[in-house]
Amino acid sequence: MTVLERLAELGLSLPDVPTPVANYLPGKRVGDLLYLSGQGPRNEQGGYHLGKVGSDVSVEQAYEHARLAGLALLAAAQSLVPDLDRLEAVKLLGMVNAFPEFGQHPQVINGCSDLFVQVLGERGRHARSAVGMGSLPNNMTVEIEAIFKIHD
Amino acid sequence: MTVLERLAELGLSLPDVPTPVANYLPGKRVGDLLYLSGQGPRNEQGGYHLGKVGSDVSVEQAYEHARLAGLALLAAAQSLVPDLDRLEAVKLLGMVNAFPEFGQHPQVINGCSDLFVQVLGERGRHARSAVGMGSLPNNMTVEIEAIFKIHD
Amino acid sequence: MTVLERLAELGLSLPDVPTPVANYLPGKRVGDLLYLSGQGPRNEQGGYHLGKVGSDVSVEQAYEHARLAGLALLAAAQSLVPDLDRLEAVKLLGMVNAFPEFGQHPQVINGCSDLFVQVLGERGRHARSAVGMGSLPNNMTVEIEAIFKIHD
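Protein sequences appear in the order of chains A, B and C. Residue numbering for the first sequence follows this note's numbering, beginning at 135 and increasing consecutively. Residue numbering for the second sequence follows this note's numbering, beginning at 135 and increasing consecutively. Residue numbering for the third sequence follows this note's numbering, beginning at 135 and increasing consecutively.
No copy labels: a pair is met if it fits in one copy or bridges any two.
With a straight-line Cα cutoff of 25 Å, these simulated SDA-like cross-link-like pairs (lysine to any residue) come out:
1. Lys283 <-> Leu146
2. Lys283 <-> Ser213
3. Lys283 <-> Ser147
4. Lys283 <-> Thr136
5. Lys283 <-> Met135
6. Lys283 <-> Leu205
7. Lys283 <-> Thr153
8. Lys283 <-> Leu138
9. Lys283 <-> Ala142
10. Lys283 <-> Leu144
11. Lys283 <-> Leu148
12. Lys283 <-> Leu214
Since the hints were made in silico from the structure, they are not lab data. In this text, all values refer to a predicted model and were calculated from it rather than measured experimentally.
Based on the provided sequences and hints, a complete structural model is requested.
Structure below.
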């Protein structure tokens, strides 16, 4: 089954990749590595899910937001490497906009990690850190950046 | 026009690279990748611009600080790869020392992204994340780390 | 002297590598690069050292915690590359769970940097950033992620 078939089976489709509004790119390829810019969780109105995780937003909600950020990362990857079956996840930095006493960052970022394994299979397993930021752009709940390997 | 000529045209020169005061390096090369240590915005007295962005320091001031951090990154790169025309920006992690409700991290880190495109041209475009830290060394306003590709 | 001999001379041994409890890995190798997941400072009871650095925990204590995180990184590396003498440290992201006015992140992360140079020699020197997070998993004091180069 291809990555697109697995996404369809899960009822998921890839969002549009927003054009960066400044001098940076959704991602950059160097050799067989693809460095992706941080992505946040877009909502159905085209904005982002906002708030501090652990106070404004529950762990369960934030898990879904990490999954949305993961979909945005796959969409950004596809804009650079159209055939998603060539991708292997290498490393995530999962950043949670949490209140200072929050401690369940791994449970939040699992939303992205689980998605990658669901759609990429064994190639979806990766190294990662799941940590708490002091703040995030527009007060987004989560932002995740990723490195993928591109197979021939 | 070379990178040094573009810097001169902008009225900019590269600062000295401070010697790390501990067991780390300004940067490390592996193959054709150059990993640079995080750099902050030095002021004319040799210290750093300090304060929380969004409360002590404005977005406009912090944009200039991100530009100074970008100059420090180019200086660190030059200490390892003397010919700056061989460099291509790959990835930035732009870290803003912001108050918890701050949301304009991209506008701050643009100071570094804009500089890289001004002096490196198309090779200056990069993937990046622009995020908010809980604190930074000495209460610096911004710190940016970077990965460059080294061309032959 | 081998890396294991240097560790023994320092009276240190590598801890067990905890099995990740989710869809991620302790580390992932791509070519000659090894990306390691973030590691925290485990205590003798199998839990983690907890608290905010600069208020609950002193710089000196946190230095020791960064050293413990460094040992956990070496253990994770060994689980993927059994011969530690093939490893060269490339890049650290040293994350301190600090209170917002804290400024001595470099002095904390030196605990890991010093360890790497003590046991890996010149190959232990690396690029790094040492920064302050808003929060960390379970309220751990520090978390450090690393990239190593694997020599033949």
